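> Following the hints, complete the assembly by docking chain B onto the known chain A.
Chain by chain, the residues:
2 protein chains.
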Amino acid sequence: MQEYLSRAKAACANLSQTSGRLRNEVLREMARALRTERISIMEANKKDLEYAKANNLSAAMVDRLMLDEKRINGMAESIETIASLIDPLGRTLDGWTLPNGLMVQKVSIPIGVIGVIYESRPNVTSDTAALCFKSGNVVVLKGGKEAINSNFTIADVLRGVLDKFGLPKEIISMLPDASREGVMQLVKMDRYVDLIIPRGGESLIRAVCDNATVPVVKHDKGVCHIYVDKYANIDNALKIAINAKVQRPGVCNSMETLLVDESIAASALPLFKAEFDKFSTKLKGCAKTQEIINVAEASEDDFYLEYGDNILNIKVVDGVKEAVAHITKYGSGHSDAIISDSYQNTEFFLNAVDSACVYVNASTRFTDGGEFGFGAEVGISTNKLHSRGPMGVNDLTTYKYKVFGSGQIRE
Amino acid sequence: MQEYLSRAKAACANLSQTSGRLRNEVLREMARALRTERISIMEANKKDLEYAKANNLSAAMVDRLMLDEKRINGMAESIETIASLIDPLGRTLDGWTLPNGLMVQKVSIPIGVIGVIYESRPNVTSDTAALCFKSGNVVVLKGGKEAINSNFTIADVLRGVLDKFGLPKEIISMLPDASREGVMQLVKMDRYVDLIIPRGGESLIRAVCDNATVPVVKHDKGVCHIYVDKYANIDNALKIAINAKVQRPGVCNSMETLLVDESIAASALPLFKAEFDKFSTKLKGCAKTQEIINVAEASEDDFYLEYGDNILNIKVVDGVKEAVAHITKYGSGHSDAIISDSYQNTEFFLNAVDSACVYVNASTRFTDGGEFGFGAEVGISTNKLHSRGPMGVNDLTTYKYKVFGSGQIRE
Chain A
1 MQEYLSRAKA
11 ACANLSQTSG
21 RLRNEVLREM
31 ARALRTERIS
41 IMEANKKDLE
51 YAKANNLSAA
61 MVDRLMLDEK
71 RINGMAESIE
81 TIASLIDPLG
91 RTLDGWTLPN
101 GLMVQKVSIP
111 IGVIGVIYES
121 RPNVTSDTAA
131 LCFKSGNVVV
141 LKGGKEAINS
151 NFTIADVLRG
161 VLDKFGLPKE
171 IISMLPDASR
181 EGVMQLVKMD
191 RYVDLIIPRG
201 GESLIRAVCD
211 NATVPVVKHD
221 KGVCHIYVDK
231 YANIDNALKI
241 AINAKVQRPG
251 VCNSMETLLV
261 DESIAASALP
271 LFKAEFDKFS
281 TKLKGCAKTQ
291 EIINVAEASE
301 DDFYLEYGDN
311 ILNIKVVDGV
321 KEAVAHITKY
331 GSGHSDAIIS
341 DSYQNTEFFL
351 NAVDSACVYV
361 NASTRFTDGG
371 EFGFGAEVGI
381 STNKLHSRGP
391 MGVNDLTTYK
401 YKVFGSGQIR
411 E
Chain B
1 MQEYLSRAKA
11 ACANLSQTSG
21 RLRNEVLREM
31 ARALRTERIS
41 IMEANKKDLE
51 YAKANNLSAA
61 MVDRLMLDEK
71 RINGMAESIE
81 TIASLIDPLG
91 RTLDGWTLPN
101 GLMVQKVSIP
111 IGVIGVIYES
121 RPNVTSDTAA
131 LCFKSGNVVV
141 LKGGKEAINS
151 NFTIADVLRG
161 VLDKFGLPKE
171 IISMLPDASR
181 EGVMQLVKMD
191 RYVDLIIPRG
201 GESLIRAVCD
211 NATVPVVKHD
221 KGVCHIYVDK
231 YANIDNALKI
241 AINAKVQRPG
251 VCNSMETLLV
261 DESIAASALP
271 LFKAEFDKFS
281 TKLKGCAKTQ
291 EIINVAEASE
301 DDFYLEYGDN
311 ILNIKVVDGV
321 KEAVAHITKY
331 GSGHSDAIIS
341 DSYQNTEFFL
351 NAVDSACVYV
361 NASTRFTDGG
371 EFGFGAEVGI
381 STNKLHSRGP
391 MGVNDLTTYK
401 YKVFGSGQIR
411 E
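Residue numbers (my numbering), protein chains in the order written: chain A, 1 to 411; chain B, 1 to 411.
By construction, these hints were calculated from the structure, which means they are not laboratory data. Note that the structure is a prediction, hence the values are computed from the model and not measured. Be a bit skeptical, because a hint or two may be false.
Where chains are identical, the list cannot tell them apart; a pair therefore holds if satisfied intra-copy or between any two copies.
As the list claims (entries may be wrong) - Only pairs whose alpha carbons sit at most 25 Å apart, straight line, appear in this in silico BS3-like list of lysine-lysine:
id	residue 1	residue 2
1	K53	K145
2	K106	K329
3	K70	K47
4	K188	K329
5	K239	K282
6	K70	K53
7	K47	K145
8	K145	K221
9	K230	K145
10	K230	K288
11	K9	K218
12	K221	K9
13	K188	K221
14	K321	K106
15	K106	K221
So here's chain A without its partners, still in its complex pose (with noise of 0.2 Å):
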């Protein structure tokens, strides 16, 4: 492991020199490739497909695997996308002249070695794998075992259009010991790695975060919450919560407990109520909820919850105060929204809560690098350092002083 990652450490010399030119044309160069080579990717995504059946992976999971032509060019339209973006690297990010003349810049530069570690879908491979090179990182991929013929195959075909610049394969590696051990082991390699970008489950995240002395970005859990406000608009109100739920319930950013001030509570209950059973979801409610609407009890157990599933918790709130504080202990510092037309509470609500992205008036489903405007996202981090939120190409980059000096030395 340690001869292999030395060797991807040793490829980041070369890709820093790089134009971004140059590195926009093999990107452009590895779609094409990608719809070229369509074929012998659909026969090891077969592999896949056929393990996962004699496995009995679930439908949903088999979904995510399975890659067809439309899919493949998918993934190709996204590696033009980030072919397209502004060159992360070489922004002068600020700048300024000492009274001794000396002129201080600093400047976008690559991180290094990243790791990667992710699960099922293949489209992963191909958008961290362009993610990374657009910004001049040297990637190192771990996937989900159950993508590995996919991955791999993925993979080569973009490696064979590094070789066929002139620049080393390791710019795009596979971990050698995909097994958990494996990950154990690399997340281990301060000396070579830079950077661990860890997005599955809890117990992978935590395991990763327990062990590692590279730096962790992680994308963890998302327990978002919608505080509806005694000044709500309540036709948006309901609009909002029924999409921050409904719409995709499965997602890291979609709602998981609705907070509804008291003064309101009688009349707006049942209004949410009759929208949520249109969409069949499950409700669950805490003690003064049940007293209104016709509702499952919520534990304090559930208020910890990521459902990723059509569930909702409901708990009435003594104004913003208390919903600040609620979802300061039970929330995952993900995405939180106030509905109001409140000046006071609206900003009060918006200085308070510390996540990483706070919402008035809008769904919490918008926490997404496509959706913020950055072309394509790594992922959204739930890291307070670094990066926070939805991660671009621009959060693949550190930065460094250049300093321009003509003889000058310290007094």
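Only chain B this time, still in chain A's reference frame:
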């Protein structure tokens, strides 16, 4: 420890509701209080000095420990400087409007609870507490045991001021268990602590990085280089090299290795030797260097060392590419300089050397928060992520996205 840290975490909410004006007022009162309480601080310091003498600590260590009226006044002035800095919180770092009308604002906020581990000098206690308070962070301080009486007394004075303003004393916390085991517990408390900043020896930093589940921004060693190019102005090169090695050999931004282009080695090396001899610098050289000047042999291992002393390695290299390769292999990514009048060579060096600060025609000694114009510094980060190089108050912040809507839902 858990109970103690949970109270520190709880204090974040109080602190995040303070205005910049209030925080500056508290800081100025802290400066006054340090001056008023100087006698009791010096008395506590006396105990530390007695312990130091009884345990035969070095004269340099005793000097670092010692507090007199002048030094306490310096600590107070430093806090006043921090009070006068622009508020690092609530800065709009970026902002844009999405096609659907959502307005996205990226705003700076505090990190939360920061654990700082440091050594001997007691002024670090007040500096660090003030920097964290200025940036809205709760701090958990862990100073060296040789300064324990001074540190606790200084912290008590500052905590008294918090209390006077009705703020929780936990905003400035002292780690209750200051043993190595206590530190190892602290760095695993990711539920309560958001960042660890270790300043100190290599073994401490290694132990912290190996054990931490909390993100770490380390303040590690500096193996800094100056490369004298074929196209260098030799007078500049001599002046800068002397400054970088001799002015303060014990600090992390001083030079450890001088790299000299082969084509000028025969003429330049005797000049460097004559200059360094004036300052009694102990010179070690590679085989080629030894052919030209009479110096001791520099071993392979020497090139990895941070001497922290008036000792210098010299190596002859075959141009800027070999210089960069040497720095990449032996350097610590701290600060490196090229002395050259060649546009191509300086550009190549600036881009190819992956260090926090890369200099042209200036001394590496400028890598410093004060010199960079940050007003005060937390330290010099050798991390690649979150913060690199000199860290000022802005580096003690992270960000969130505020998103302003008018009923938007995701299609």
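> Take the hints in turn and mark each one as holding or not.
Right, here's what the structure says about each hint:
{"no.": "1", "hint": "K53 x K145", "in the structure": "within (14 Å within a copy, 62 Å between copies)"}
{"no.": "2", "hint": "K106 x K329", "in the structure": "between (38 Å within a copy, 24 Å between copies)"}
{"no.": "3", "hint": "K70 x K47", "in the structure": "within (19 Å within a copy, 76 Å between copies)"}
{"no.": "4", "hint": "K188 x K329", "in the structure": "between (32 Å within a copy, 20 Å between copies)"}
{"no.": "5", "hint": "K239 x K282", "in the structure": "within (17 Å within a copy, 75 Å between copies)"}
{"no.": "6", "hint": "K70 x K53", "in the structure": "within (22 Å within a copy, 77 Å between copies)"}
{"no.": "7", "hint": "K47 x K145", "in the structure": "within (12 Å within a copy, 62 Å between copies)"}
{"no.": "8", "hint": "K145 x K221", "in the structure": "within (22 Å within a copy, 40 Å between copies)"}
{"no.": "9", "hint": "K230 x K145", "in the structure": "neither (49 Å within a copy, 54 Å between copies)"}
{"no.": "10", "hint": "K230 x K288", "in the structure": "within (16 Å within a copy, 80 Å between copies)"}
{"no.": "11", "hint": "K9 x K218", "in the structure": "both (22 Å within a copy, 21 Å between copies)"}
{"no.": "12", "hint": "K221 x K9", "in the structure": "between (31 Å within a copy, 21 Å between copies)"}
{"no.": "13", "hint": "K188 x K221", "in the structure": "both (23 Å within a copy, 20 Å between copies)"}
{"no.": "14", "hint": "K321 x K106", "in the structure": "between (40 Å within a copy, 23 Å between copies)"}
{"no.": "15", "hint": "K106 x K221", "in the structure": "between (33 Å within a copy, 22 Å between copies)"}
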